[in-house]
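> Chain residues, written in single-letter form:
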Amino acid sequence: MPHRTFIAFILPSALAMLIFIALPIVSVVVQSLFIEHERVMVTAENCGPFGCKKESHVDEAATAELRRDQPLGRFNGLGTYLDRKHLAAKEVREAFAEASGPIDFLTRVGSLPLYKALGFTLAYTFVVTPLVLILGFMIALAVNALPYFVKGPVIFASLLPMIITPLIGSLILFWMIDANGIIGASLQALFNDPDLSLKASPTLTWITLMVYGVWHSAPFAFVVFYAGLQTLPHDTLESAMIDGANRFERIRFVVLPHLMPLAIFVGLIQLMDNFRVFEPIVGFNAGASATSLSYAIYTDLRSTGAPLFGSAAATSMLTIIGICILMAPVLVRTWRDFKRRH
Amino acid sequence: MATISLKNVSKKWAGFTGVDALSLDIADGEFLVLLGPSGCGKTTTMRMIAGLETISDGEIWIGDRVVNTLEPKDRDIAMVFQSYGLYPTMSVYENIRFPLRVRKVPRETHHERVMRAAAMVELGDFLERRPAALSGGQRQRVALARAIVRQPTVFLMDEPLSNLDAKLRVSTRAQIKNLHHELKTTTIYVTHDQIEAMTLADRVVVMNRGIVQQVGTPMQIYDRPANTFVAGFIGSPAMNLIEGDIRSGVFTATNMRVEGLAGMPDGPVTLGFRAEDAGVADRGGQISAPVYSMELLGDASMVTVQCGKALAAVKTPKDFRIAIGAPVGITVPASICHFFDARSGHRIEHPGKD
Amino acid sequence: MSVLTAKTSPWMRGAAIGFITLWLLMAAFPFVWTLWGSFKVQGDFFSRQDWLNALYGVQTLAETGSSFTGRGYYGAWVEREFWRSVINTGIVTGFVVVISLTFGTLGGYALSRSTARYAFWILIAALIFRAMPHITLLSGYLLPFFQLGVWGYLSTAIIVLVAINQPFTIWMLNSFFQTIPKDLDESAMVDGCSRFQAFRLVIIPVMWPGVITTGLFSFLLAYNDFAVTAVLLSQENQTMVPKIASFMGSTQVQGNVMFAVSAVVSATVPLFILVLFFQRHIVSGLTAGAVKG
Ligand SMILES: Nc1ncnc2c1ncn2[C@@H]1O[C@H](COP(=O)(O)OP(=O)(O)OP(=O)(O)O)[C@@H](O)[C@H]1O
Ligand SMILES: [Mg+2]
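In the order they appear, the protein sequences are chains E, B and R.
Residue numbers for the first sequence follow UniProt numbering, beginning at 1 and rising by one.
Residue numbers for the second sequence follow UniProt numbering, beginning at 1 and rising by one.
Residue numbers for the third sequence follow UniProt numbering, beginning at 1 and rising by one.
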């Protein structure tokens, strides 16, 4: 395809991505180097009947004007990255010096906001992704074995958790696990513990969120695997049968290699989607015991009063770097494939 | 109608040359066949002429224009694709009409033209079907009809008969020949079937690994192959090629001795002769060796002997019989021999012949 | 598939059926339960005495005189003007799907037909963009959008969602178009079409399976989005999802949580209908090559 034609075709899409994805990244980088203005203080001498007192108070008008003139705030270099809410250089160094052992060190670091969010994000990603793949594959196999006439309704029901709005899906489950909801109440009855609450304990909250994650994403893995099972290469399977492969060998040498690219596809998408886990935390109102990187950015942006642009931008940058590191093996592999083909 | 010239045309992909410095002049109204083994660059050459592949180097002229950067639609060509390229959502009728539609040919003439083209390839009964409901041969005929519905200046046909059965292939071949005779449109035709090449072509281009080996009329290619590749590719069976030495007008190789080659330089050489030119000798003969195999072809019998590493085949009358292993003599007079440089494979003319 | 099921023992079959039943219960029950509960009062749906009350509607009967009530729906749709958000969601979703697919088919087609090296790099860039959490981009938008005075409008959210959706769309469609033989558009070009005409006359008629599947995913992205719409839309332009989240902010008020429950049910209905109609396309479209990327 001539370059001119190619450009004409790709232009709308490329422009959209350039202006609304690439440029915002630049904007994030810039913002992360700035920090909000401090409020302008004025000191006034207040003389009353008992002598004069120096008082300082916020000059609202001046503050507002300053904010309007320089909306970015003031330059802070890498300061935001290193402060307590982000990489917490000082606190980590202290923890390293004072910690009695590696466990203690990790607990101390783990209680710092960014590391806490990172910890949950990674745990969620690496627990949910494999479980989704396994559960999705099992459902696909089971559905595939069903008689034709029930397949339709079963697939329909199985897709529901995937298409449901994440926030709404988590709200639905949240209401059910409420101490007065059906699951919460049943669990209390089951364990005979009237104070049992899935919302109270951090561990139980983590587990609930992960269960929700698997429930929400397993259908996606299921449809992809199911679609893959429908396109099994029948002539290859038959020639394998003629070549004398038994059932196990046919699965091992024909079916699995056929499904492998699909597993990689699902795994990759899941990795990306789980790393951005956010809505369930809002839906489950779980911000107290589990925060993710996305959630941390959201709270900064929606913080009452003025949004903390600098802080949100710094967390965003760290998040982008994080996902790039996670994706690195994939990118390297794609690049190698490409080089081999050309 | 138009002439076509290719001037040093090359196609390179990163690290691989598909077509290498190809130069060719095709006369107005000529039927040119590109012939060569699979992967030699025939389709690539044709796609460059059609404008579907960018040209890495060189110039292509159609008529008096350089068309290097011209879009396919502006080159006024029609093409039959190796894999048909039919439009699955359109009926056969609409498929054939498509070129007329997009080229804004007056509407009134469409029906008549489509029907004429369909009749030429005997598709009249299938006009309302979709391509998916046709056999491979029928699809190929739709592709042909779509190419001939309009009068382009150039026809490009990429193995248009490859999926037809033997009988249909012969009759469609005749149709194409007749069509060309009627329309006199410059045609480039790709095949790796030599009989097609021999029967259809005004001139044949033999290619190998992206390089033109020889350009000539079918007879020239057959009678005076330019090198050992052409000699070994054209003809059925291909020419026998035997490596040996010439010393003072005498060629010698294992089991073989040919005299009367005065004027040929001394040194190693490859000798070639065609199976149908040679014969079994009553006595003596230039080759004497035990029979290696004996095949009955119906209209003839083929006797094969070994000359060193090479096999030499000879056509004999159909009732000739001989046991495998029995000694046989074969006549290979100097007049039927072709000589090729032992190293480069290029033809060496020998003064003794015609 | 015979290869997988042939000669399965009845025991295995039983286990498979048990497993699938359990899964179906997990997948569908929450929806049935919430739909049922949305017609009760809060005292039943979150019953302090006995969750069975939610089944029978004891409190509902006591409070409204009937065991089903539409109070939650009335509250959400009329009192809290949920219908405005429904309209907004309709606008946002419709435009996002149409624009995404228009841009995406053009771009995906070009990528699938280009052999140039830059096509590969565009796909890699798209992959990285797809990987970035949406909310990281939001912090990039907010300040410039405030400065330019475009914050809060539906059109802003639409164009942002289109852009965020592009990477996935062009990946899916690129791999789908690769399964359509190149001969098709090439013969059209020889027959006299420009590249764009070939796309319009020959490719568009055969691209619907891939486009419908991709469109479904675009629809879900736009319809289900919370992060972008919550941060970029002003109060009066809110779409359904952030609106529902805002109900939650005031759950303490007795009865309000039932507004949220009814709104949730209302928002789920279109999704159900969608799957009902397009279920086949999800599977067949994925089969038709979209998953091979
Ligand atoms: N896009 C491409 N990139 C790299 N190499 C290519 C490409 N297309 C074709 N080739 C190579 O160029 C060579 C010539 O291909 P071409 O299709 O012209 O062969 P052909 O003579 O038509 O063969 P056949 O008779 O089998 O159709 C082949 O070796 C092929 O592998
Ligand atoms: Mg070819």
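None of these hints come from the bench; they were simulated from the model.
Careful: at least some of the hints might be erroneous.
20 angstroms max Cα-Cα, derived EDC-like pairs, lysine to aspartate or glutamate [stated by the list, open to error]:
| # | chain 1 | residue 1 | chain 2 | residue 2 |
| --- | --- | --- | --- | --- |
| 1 | B | 12 | B | 64 |
| 2 | B | 7 | B | 20 |
| 3 | B | 184 | B | 259 |
| 4 | B | 318 | B | 276 |
| 5 | R | 182 | B | 202 |
| 6 | R | 182 | B | 71 |
| 7 | B | 184 | B | 202 |
| 8 | B | 309 | B | 299 |
| 9 | R | 182 | B | 125 |
> Confirm or reject each hint.
Evaluation of the provided hints:
no.	hint	verdict
1	B:12 x B:64	violated (26 angstroms)
2	B:7 x B:20	holds (11 angstroms)
3	B:184 x B:259	violated (48 angstroms)
4	B:318 x B:276	holds (12 angstroms)
5	R:182 x B:202	violated (31 angstroms)
6	R:182 x B:71	holds (16 angstroms)
7	B:184 x B:202	holds (12 angstroms)
8	B:309 x B:299	violated (28 angstroms)
9	R:182 x B:125	violated (28 angstroms)
Hints 1, 3, 5, 8 and 9 from the earlier list are contradicted by this structure; the remaining hints agree with it.
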